[in-house]
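Below, each chain spelled out in residue letters.
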Amino acid sequence: MNLDFSPEEVAFRDEVRTFITENYPKELAGVGTREDLSRDEFLAWHKILGKKGWSVPAWPEKYGGTGWTSTQRYIWSEENARVDAIMPLPFGVAMVAPVIYTFGTEEQKKEYLPGIRSGDVWWCQGYSEPGAGSDLASVKTTAVRDGDEWVINGQKTWTTLAQFADWGFFLCRTDPTAKKPQEGISFILVNMKTPGVEVRPIKLIDGGHEVNETWLTDVRVPVGNLVGKENEGWTCAKFLLAHERSGIAGVARSKRGVEKLRAIASEELIDGKPLIQSGDFARKISQLEIDLTALEFTELRTLAAESAGKGPGPESSILKIKGTEIQQRLTELTLEAVGNYAAPYTAGMEPDGSNERGVGPDHSNFTAETYFNMRKTSIYGGSNEIQRNIISKMILGL
Amino acid sequence: MDFNFTEEQGMIRDSLSRLIREQYDFDTRRKVVASKEGWRPAMWAQFAELGLLMAPFSEEDGGLGGGPIDAMVVMEEFGKGLVVEPYLPSVVCGGGFLKRGSDAQKAEHLAGIMSGEQIFAFAYAEPRGRYNLSDLETTAKKEGAGFSINGHKAVVIGAPWATHFVVTARTSGGRRDAKGVTVFVVAKDAKGVSTRDYPTVDGRRASEVYFENVSVSAEAVVGEVDNGLPLVELVTDEAIAALCAEACGAMKVAHEMTVEYSRNRKQFGTAIGKFQVLQHRMVDMFMEHEQSVSMTYMATLKVDEDEVTRKKAASAAKVRIGQGGRFVGQQAIQIHGGMGMTDELAVGHYFKRLTMIDAEFGNVDYHLKRYTDLSAIDLPVAAE
Ligand SMILES: Cc1cc2nc3c(=O)[nH]c(=O)nc-3n(C[C@H](O)[C@H](O)[C@H](O)COP(=O)(O)OP(=O)(O)OC[C@H]3O[C@@H](n4cnc5c(N)ncnc54)[C@H](O)[C@@H]3O)c2cc1C
Ligand SMILES: Cc1cc2nc3c(=O)[nH]c(=O)nc-3n(C[C@H](O)[C@H](O)[C@H](O)COP(=O)(O)OP(=O)(O)OC[C@H]3O[C@@H](n4cnc5c(N)ncnc54)[C@H](O)[C@@H]3O)c2cc1C
Numbered sequence: 523m524n525l526d527f528s529p530e531e532v533a534f535r536d537e538v539r540t541f542i543t544e545n546y547p548k549e550l551a552g553v554g555t556r557e558d559l560s561r562d563e564f565l566a567w568h569k570i571l572g573k574k575g576w577s578v579p580a581w582p583e584k585y586g587g588t589g590w591t592s593t594q595r596y597i598w599s600e601e602n603a604r605v606d607a608i609m610p611l612p613f614g615v616a617m618v619a620p621v622i623y624t625f626g627t628e629e630q631k632k633e634y635l636p637g638i639r640s641g642d643v644w645w646c647q648g649y650s651e652p653g654a655g656s657d658l659a660s661v662k663t664t665a666v667r668d669g670d671e672w673v674i675n676g677q678k679t680w681t682t683l684a685q686f687a688d689w690g691f692f693l694c695r696t697d698p699t700a701k702k703p704q705e706g707i708s709f710i711l712v713n714m715k716t717p718g719v720e721v722r723p724i725k726l727i728d729g730g731h732e733v734n735e736t737w738l739t740d741v742r743v744p745v746g747n748l749v750g751k752e753n754e755g756w757t758c759a760k761f762l763l764a765h766e767r768s769g770i771a772g773v774a775r776s777k778r779g780v781e782k783l784r785a786i787a788s789e790e791l792i793d794g795k796p797l798i799q800s801g802d803f804a805r806k807i808s809q810l811e812i813d814l815t816a817l818e819f820t821e822l823r824t825l826a827a828e829s830a831g832k833g834p835g836p837e838s839s840i841l842k843i844k845g846t847e848i849q850q851r852l853t854e855l856t857l858e859a860v861g862n863y864a865a866p867y868t869a870g871m872e873p874d875g876s877n878e879r880g881v882g883p884d885h886s887n888f889t890a891e892t893y894f895n896m897r898k899t900s901i902y903g904g905s906n907e908i909q910r911n912i913i914s915k916m917i918l919g920l
Numbered sequence: 045m046d047f048n049f050t051e052e053q054g055m056i057r058d059s060l061s062r063l064i065r066e067q068y069d070f071d072t073r074r075k076v077v078a079s080k081e082g083w084r085p086a087m088w089a090q091f092a093e094l095g096l097l098m099a100p101f102s103e104e105d106g107g108l109g110g111g112p113i114d115a116m117v118v119m120e121e122f123g124k125g126l127v128v129e130p131y132l133p134s135v136v137c138g139g140g141f142l143k144r145g146s147d148a149q150k151a152e153h154l155a156g157i158m159s160g161e162q163i164f165a166f167a168y169a170e171p172r173g174r175y176n177l178s179d180l181e182t183t184a185k186k187e188g189a190g191f192s193i194n195g196h197k198a199v200v201i202g203a204p205w206a207t208h209f210v211v212t213a214r215t216s217g218g219r220r221d222a223k224g225v226t227v228f229v230v231a232k233d234a235k236g237v238s239t240r241d242y243p244t245v246d247g248r249r250a251s252e253v254y255f256e257n258v259s260v261s262a263e264a265v266v267g268e269v270d271n272g273l274p275l276v277e278l279v280t281d282e283a284i285a286a287l288c289a290e291a292c293g294a295m296k297v298a299h300e301m302t303v304e305y306s307r308n309r310k311q312f313g314t315a316i317g318k319f320q321v322l323q324h325r326m327v328d329m330f331m332e333h334e335q336s337v338s339m340t341y342m343a344t345l346k347v348d349e350d351e352v353t354r355k356k357a358a359s360a361a362k363v364r365i366g367q368g369g370r371f372v373g374q375q376a377i378q379i380h381g382g383m384g385m386t387d388e389l390a391v392g393h394y395f396k397r398l399t400m401i402d403a404e405f406g407n408v409d410y411h412l413k414r415y416t417d418l419s420a421i422d423l424p425v426a427a428e
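Chains as they are written, first to last, in the numbering used here: chain A, 523 to 920; chain B, 45 to 428.
What the hints contain is simulated information worked out from the structure, not anything from laboratory work. For every residue, glycine included, the Cβ atom is placed at its ideal position computed from N, Cα and C. Fair warning: there could be bad hints in the mix.
Chain A is faced by these chain B residues, among others (derived, beta-carbon under 7 Å) [said to hold, decoys possible]:
#1 Arg172
#2 Val199
#3 Phe312
#4 Val321
#5 Gln378
#6 Thr386
#7 Ala403
#8 Asp409
Below are the DSSO-like pairs computed for lysine-lysine, each with C-alpha atoms no more than 27 Å apart in a straight line [to be verified]:
#9 B:Lys413 with A:Lys806
#10 B:Lys318 with A:Lys662
#11 B:Lys75 with A:Lys725
#12 A:Lys701 with B:Lys318
#13 A:Lys795 with B:Lys223
#14 B:Lys413 with A:Lys782
#15 B:Lys185 with B:Lys223
#16 A:Lys915 with B:Lys318
#17 A:Lys569 with A:Lys777
#18 B:Lys318 with A:Lys760
#19 A:Lys751 with A:Lys702
#20 B:Lys318 with A:Lys702
#21 B:Lys310 with A:Lys662
#22 A:Lys760 with A:Lys844
Construct the entire structure; sequences and hints are all you get.
What follows is the structure, given as structure tokens:
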């Protein structure tokens, strides 16, 4: 065991840092946390990385992965977080792609992986339904075989950023007579421009348009859009969820978040002195950082086990739970730090003529909205209650 | 000891709760919040008609002879309905100052507050003062027989709807000195007053209020020149008790909605309310609400006691409510799952209001510190 970077790793870090400095779009510097990004803004860095060959580090090398060690991937996350980079979204890169290269046919790999790698094709996740949230296996959306097409009918919901999506991957019931609900589900790819696909916005409590209802009415897609075996989609679904979970820890980003919180607490005043000098608040930041360190080293252990050949197991639920608790706490403390200026609803303000939208210090804008928004993290990706159920069942054997 | 409400208080509660049920349903509130004005003057007039605006004032001041308990009853109902109209700024704060003002001030303003024609906002917070009531950069300099006010007040709740402000300003002493704080009444249309109005994340309206060489007469001073801080603290503690009552109302509804949702929402073939982890969580929410109610009564009943007792009571309540409100709000969202995150459901709006209540008049940290400092005053001094 050893925590030091080797000379090669230091050289790698410098290479990555230089590349980011020279290539990260200047106009996107520091906007990483905003939620109202356009499609092009979301994809800008992804496309640059695609050209460089760095957009999908975790993939097997033969599909375009970088073959980096877990330490190199750690360095990669850290360096991107330093500039608040808008990273490739998970739906294509970390969710559907691993399913495709693990369970898909050669044609499917050829057809779909390049667009995901390059950032040209946007994917969305059509899992949840109004009646199937935590109990995902109860999905009701049906796909019925008609000649060489699937005919899909049903309603998905919470589809993140589907308004920008070119393609979606959907869990559909293909055998309604199966004995167990997990049986009889298939994993099907749908071009979002297909007639019968309708995406309707859902407004969230922070005022943003991040999720949608996705309605599917007699949507016809080629039979070849099935990934894996018919009625065995649950295998793909579960495989994908474990991948989704481990990405969710967000350690590097939270570390950057702590730095920003410290900066804010150094500017904010309490009784004329920087807030960071108040013991109460400084201790809260310390506590957060300690919790984050525990998460970081847990993730490093998990990564090490993964690179030794073990796929993400139920331990990734620890990363999901602790990672999201920390992200939420971070936004909670930021909200506290800005005091009275948490209240203004920045997105709801009329510009005052001087091109200024917010009031109060810039760092106070959107703090409450971000805090509200981050409550989602303990709900999505399998709620934190469900994650605890997984640990208690799979690890504790209860 | 008596924890019963008077007949009048019961009537206020019943009539207000009916009015809110009939005319302040969630969809109506949503439209009002999104409208250009952001509130309903007609609703304010109805509140006046019901006597709500007069309830906490003594009969000799022209009120109904109630007090802080009446304000508590009103604010709890407001919390249940997420009412945005400015009862706290105008009646509790504005009225709280002016009922302690000169006869002339009472004559000029109290009747207006009670009839609803005058609306006050309390301009005390400043961009760099956080929650410290005497951390003032706004100044009032002697100018002839009166004063000239200069400064910037931050996030003044209800200011866009106000006709008048109660403003704290420094008339002497250093930036955070307790001595040298003076309270003024300033008409919003006074020369040199300007505002930048905006909505808040919890559906209210607020303003940045700027004072530029605003001339006021000596009669605009409420209480004593330089000695305003004790009065500010007193009114603020009353406001805290009322705000706690509002939080109790919001917690109650958020909790009830959650229990109800957990009964109806089915996953894994059963109501999610059958999962013990959620049951215990909802029991904890219930306990948080009950204890918040207890603390609100306590703080309300102690507003007329000696200064240290009153301040500790207000701070203790605000700490408990800040923590309880956060827990209840967060868990209400969590147990609603994705639905809790939507703008469409009311529960998220209760969560937002509860979040912002913690930041009004000092958050948990501020009041925990204030309580601790006041407890140190209480300590018996060791004998030499
Ligand atoms: C912002 C956001 C983005 C999302 N993006 C996507 C997306 O892109 N694609 C997609 O398919 N889905 C997405 N989701 C959906 C998400 O995966 C679901 O919200 C989640 O699975 C929870 O389901 P639910 O909302 O129906 O809540 P429910 O399943 O109804 O849960 C309600 C509450 O009950 C608890 N609960 C449920 N079962 C149990 C149990 N057995 N034991 C204990 N407690 C339990 C839950 O933990 C929760 O607290 C998103 C959700 C959000 C909020
Ligand atoms: C100091 C002491 C004094 C006592 N005095 C008396 C006495 O004077 N007279 C007397 O009759 N008894 C007495 N008791 C016994 C006491 O009432 C029992 O210990 C208690 O009822 C718990 O039962 P148990 O120890 O068998 O634990 P168990 O019932 O086996 O419980 C073990 C754990 O499981 C949890 N648990 C059990 N059921 C559930 C459930 N449905 N849902 C969630 N969690 C559950 C419990 O909370 C506990 O954490 C005493 C015990 C102690 C420790």
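Violated hints, by number in ascending order, as checked against the structure: The structure conflicts with no hint, since it agrees with every one listed earlier.
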